[in-house]
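Visitor: Sequence:
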Amino acid sequence: MRAQRTPITAAAAVAVALGLTLAGCTASDDPHPNDDGPPAPTASQSSGESTTGSGTERGAALATTAFALAWRDAVDTAKDGFEGELTEIELGWETDRYAYTVELLSGDHEHTAVVDAETGEIVTNSGEPVENDDVAEKKAEVIDYEGLVPLEEAMSTALDAQSGTVSELKLEGTQNGAQWQFDIDAGSGEDYEVTVDAYSGDVITTDD
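Counting the sequence shown from 1 gives a position; the working numbering is that position plus 221.
It cannot be assumed that every hint is accurate.
Said to hold, decoys possible - Lysine to any residue pairs mimicking SDA-like chemistry, simulated, CA-CA at most 20 Å apart:
| hint | residue 1 | residue 2 |
| --- | --- | --- |
| 1 | K391 | D294 |
| 2 | K391 | E306 |
| 3 | K391 | E414 |
FYI, nobody ran anything at the bench for these hints, they're computed from the structure.
Keep in mind the model is a prediction, meaning the values are calculated, not measured.
Using the sequences provided together with the hints, build the complete structure.
Guide: Encoded structure:
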């Protein structure tokens, strides 16, 4: 027995063709069907917050705070951008972090680098020429590393002379040799600066 065939009307043919065309458009309109767009922002991204500066909070007692970067390492970091000789280095709070301010001298040019005490990042770099009349004086301030009293020893000597909390410290070259200087908060609003000879380890002055 021959099966009876149902004829396809013109309207049905158009409907089938239209369906295939729409299916083809849906598949080809999106060149990346598995791409759901950019990922949703994380909590830190959506809040717009960013972390800056070192992790140590302002007001730290420098005598008992261990920073990731030692002062000699900070000098080496500064020298990566400017090959000079050390005339001064200071550790203190800079805007939003503890940082070393390193001053270097090369010929008649002076360079200053601020180095994050935790990350070793160079925060700022600056330089300027030295006045001709001041070149000889600046060269006399270059610090000789040989025979320097260690920082910890000099700080202990300063705290023996004046008890309190060390808030800033500095190694400074002078015409009479290098000196350690310590800013000490004695409490009740009293601040003192104790200067220690960087070679003999003796206290030079204690000023308020």
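Visitor: Of all the hints given earlier, name the ones this structure violates by number, lowest first.
Guide: none
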